[in-house]
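In order, the protein sequences belong to chains A and B. Heads up, the first sequence is in our numbering, so the first residue is 263 and it goes up one at a time. Heads up, the second sequence is in our numbering, so the first residue is 223 and it goes up one at a time.
Footprint (simulated), chain B over chain A, 3 or more residues, beta carbon under 8 Å:
1. 355-362
2. 517-525
In silico EDC-like cross-links for lysine to aspartate or glutamate, where the CA-CA straight-line distance does not exceed 20 Å:
3. B:268 x A:370
4. A:385 x B:291
5. B:292 x A:378
6. B:514 x B:503
7. B:268 x A:374
8. B:261 x B:645
9. B:608 x B:585
Honestly, the hints are just simulated from the structure, not real lab data. Since the structure is predicted, the reported quantities are computational estimates derived from the model, not experimental observations. Glycine included, C-beta positions come from ideal geometry on N, C-alpha and C.
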Amino acid sequence: MLSRAASSIHWMGRYLERAENVARFIAVNSHLILDLRLDRDSAQWEPLVQASGDDEDFAARYATQTEADVVRFLTFDPVNPNSILSCIKAARENARTLREIIPSEMWEAINELHHEIERHSRKRKIDNLQDVYIAVRNASNLLEGLTENVMSHGEGWHFLRMGRLLERADKTARILDVKYFHLLPRADYFQSPYDSVHWGAVLKSVSGFEMYRQRFHRANYKDVTTFLILDPEFPRSIRFCVNGASDALQRIVRMLGVDVAATAEMEKLRAGIDTAEIEPILQGGLHEFIDVLQFNLNIVGDSLFRSFFDLEDA
Amino acid sequence: MNFANYDTEGFYDELIQPNGRPRKEALPLIQQINALPPKELRRRQKAAEHALYQQGITFSVYGDKKGTEKIFPFDIVPRIVPSKEWKTLEAGLKQRIEALNLFIDDIYNDQKILKDGVVPRDLVLSSECFLKECVGLSPPKGIWIHITGTDLVRDGDGEFYVLEDNLRCPSGISYVLQNRAIQKHTFPNAFQEMRVRPVSNYGDHLYETLRHAAPEGVEKPTVVVLTPGIYNSAYYEHSFLAQQMGVMLAQGSDLAVRDDKVYLRTTTGFQRVDVIYRRIDDAFLDPLVFRKDSLLGVPGIMDCFRKGNVTLANAPGTGIADDKAVYAYVPQIIRYYLGEDAITANVPTFICDDEKQRKHVLENLDSLVVKAVNLSGGYGMLIGPKSTAAERDIFAERIRKAPRDYIAQPTLSLSRTPTIIGDAIEGRHVDFRPYILYGREIYVLPGGLTRVALKRGSLVVNSSQGGGSKDTWVLGDDLRSMDEILDA
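This is chain B alone, in the form it adopts within the complex (with noise of 0.2 Å):
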């Protein structure tokens, strides 16, 4: 199995060439792949699943009785961001949070940007995220946003746009870094010579991230991850963070609220907590203000909040930043707070709750993509070429009922990579979402989550509807000069 009969199709190949040669950052992998013995790349895709399954990085399969499990597809084809792309997105990532950060916290006080006119007042207001119970209030330090997962893809012109801000408990951060513990062995010489940045520290800096949203005046806080339990599909996810900070895992039923005060039921007692990484919903979080049925929470927990007394991160209320309607002012919103122009593009959109981009989005659905406001993981959504009449109608009559609901974008030609399938290498979608801590600085982990969409044509990366993920590689800038290589 190697590149010989590779075919870019026409699409942005991210670690091919238009004429089918490798793009010279690619360059070592490939050569090292071709090299191999013709077995011996279907033997490593093996082992790497093998590995992953004895780590216990499974998920049950639904409906099996026999409880078989199952991993997450990995393929070991890493994704490759040269140092130089990654640099202009690192400055528009940062960029994009600080802004994002300064207009949740006007949202939820003065509300200027409102005043002046800049964003709708009714789009925002109107949302399902914006809390009134977040009203009046700052977090410490002013941070609202400690965890952001931002998807990107990249269009067949061969920028990255963003595609949505992840703003509430993006996930997928352990299969970064687990991805890459097993990634290191699969082609140990070609990432030692393209010298690819290291993720494994994401625990210390998340670590620092929560320990400076400490509350003020609290010195050495203790720290937790709260889940909503065993059976979330991200559990995993939870435990691991919690093993890589060393810090607790909490579930609702081991904290209790006292005096607007969070405490653990430890063996010694119950202990204070004075910083919460929380991975339940908003709408989970306190059955006392939220949700009532909810079981998940701590009853309480939003008025210790309220009170200064925890800090959750993210905070409750950043929804109202990465509303898919509210998305599409983002680069009005960076330069109405920075004065800056967006580093980094947002993809065109269309708000359905305005008339006239309405009219457009009805009469173009079939080269359009429609995505519900605040459903994520893939649902909610119509492909506009890929769609039948029938589910354009359906589509149509959900927007007429419920504009506010639905956004549309242009149907994006996203960039494909080398991937195994089968007994061949061919090209496939995916897109890719880098993790951002906002602590004493914003800082942007050099790497990333790369989904992709295994089945041919495929545009939905999501796992929950048939992606998979990979290694990405950001290289570092002390390249040996690949030119050189290209010569030899």
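Okay, chain A solo, but in the shape it has when bound (with noise of 0.2 Å):
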């Protein structure tokens, strides 16, 4: 296919999760806040614009680190462009340079989900948003269904799962970001009632709450580690998603026959998950584990870019 059109899928892949993620990101902390039954004025929302690594833009542009700044920030900013908008407008713009390859109904989803986003965004009163976080994790759905159902499993197939995946991988890593900013671990916590009333609320933001039940049954800092980072069947896991990521990679290089760079350090960043272990981790640092992990998603994001996305004029 078009080395522009590959490169537009897998940006659709990615902004959809992206957004679908923000999505997930704000459901965590509105769980934790009535959880922990914290009043609305001392409720932290700064930890989510910390997590999404935006704090500059944030602090830039917002004067207070209200949950209506941050909620407003996180969805509906045009200027941020990680903003759940943005993301729909970014995966939208994708998606309509590939109208002659993705089926129609995806594209209508899509723009379904553009349209239903940009009205909620021209309210002036920002509340009911779960009405907005859910159209997005069920469009997301839809779409997911839609690329396994009605789309022809090939070139094109590989490179959206293979956005889909990466940036799955990284907005996991984010979500367990968001739960360290909001109350740094400290080993007395760790078995405390108010932490597993944490730990059940980042579970459920990534859907994952009664999946973890049937393996670990009873939510702690050190299983709920373990089962978003290696658990090899959980698919919002980050070892779930680099699997998956490196395999669509194989795919696609055996499909068309190349031999890229991107497949070296694919390669590295999933040896490093496969290997890893869960004691070295907390012990390094979950917050330390997590930047490098972003750092070498970054490095295949690059690398996928040279060999696939930017033909060189021979």
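Could you use the hints to bring the two separately framed chains together as a complex?
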């Protein structure tokens, strides 16, 4: 396929996943605040912005760190490139350039989501946002279903899947980071009842509470991080996502009969997660682990760009 | 809402006879509309608009920061072309395209028609659309105009006339197919009963046309659609056509030229391209040859074309035959190459470059329509009967200054067709653009784009100036006897 189209479909996948995960971020924070019975004024929203990595932009343009400001910034701010509004817009712009490649049903689903978010964003008052976040998650799931069921599982499909999974690995890491920023884990806190409430909220935000229960039964720091980083079966765990992205790349390479630099970078990332164990991760610091992971994800992203999307003139 | 108070107001109406009764071909449709509960027609109109919106067949409102998007207006009351009329039109269009294609080939090669004095040499060679880069060329199978969208109008006398031959990059076909997809759900019963001929296989015909045009010896050509990009107003159509044919949609930056061959930048490296359905005007096609500032085109592509390594559809240089001044000579062109009279008539046209005709035009500006020869989209136009004295003065000045750039035609009394306006059905002026493909043979899609001037009394149907569109139902032969229904 055209290099430009491969890039667009990869990024369409990333933006959709990103939008879905921002919706999940906000949900986890709402859950936490409710579960901790904090009043609205002392509730912390700033950690969300820190975890998104856009704290400088936020500080420059917003006076306060209230719920209303943070939620607007993350959901509807058209200047913030990682707001839900911006991500869906970008996904739609990419989809628009892919209409000869993706099934019409996919385009229509993205188009409809875009219009729905736009409509909400024009309202002056921000309330009842749960509807928005549910709409984003439902649309994202609908698109995954359409991808699976009506799009041929060829080259474009694997680029899309790879984009989705790399983004999801990154965002699951960031959701763990939200929790980290929210309440720095102290050794004596790990087994307290409050902590189990926190971790329950984190699991719910990735729709993983029930799957987790089946494996570990009770929520605590060590088991939840094990589950979200290293579980081989849960589809939002970092290991699952990285394995899937690596598999997608291998299939693309085989399908096209090409030999590219991205293969080696992806393999480094995969092997790193594959051999990782929870004890050393926690001893070295979860935040530090996530930092390294995100760095490595970026390296893979750059090498994909050079290998497939940016064909130099011979 | 129904036809109870509908008034043709003395215009030729596509669906209704002068006595107010439905034309017999339109009867099942009109009966169905009249039988609808009061608000049902309005509801169906809204549903159709909503479907277009959901499908993203929209354009951004210029200057609107909120990013509001709108659909192109679509009216659900279809225009009907009876099968007998269609047969004549079809024959007329085939004849016209065959002759115009021969004309272009002749102009860029032997110029016999100029030598024989049938068309004035200066008129042709002075045209901006004459490309010296095409002299001596003959594209594969001698086909220059692979895709045409001819503009027709029906005058008060009930006859169809050719208004413009769009031989370069005619647009609008995607609306024909999308309007139909939606229209089928709007009046399914009438649609079935009237045996409307299908248009949905246009993509197959287009692909076959392009495949046929491949350079000599290429058995399995790689075909692409070339678009100026996502910000072009017809981008939706370009992606739609690529999708309908299952071919890649390329932008200029996706193509590269090496050794006079064109390649696509793909994930497996450079891939050879054989046929390009380009939706970029000649002027922007190759910055090395035409406009140097073009960022849309592909540097070096003209050399590839000239060497026969790639087919461009339509071929560059076809504009010479749809220059509005050359248009005036199409009846003579048909006679010259085919030895036949034109089946579908031209609108009588005065050429301002000719001194005698110019004098007539300047003396009768208030009754004529004046058009710039190389502008389309309804721009550069004076509609005499609706103009002010000041506007006429401006045009008179322009004509005197650059007579080659203008032609004039009598004001036609464009036919009207019933259209939903607010809560009523009213007559509105329409034109008609059928699409013609020149492949193994010349094929006319049984349908086309009916554009409607939504403003009361307006004759300008262009979407940029308040026009909308309608589905066009070309009726099949095996129609159940209409007299039978009339009697019932």
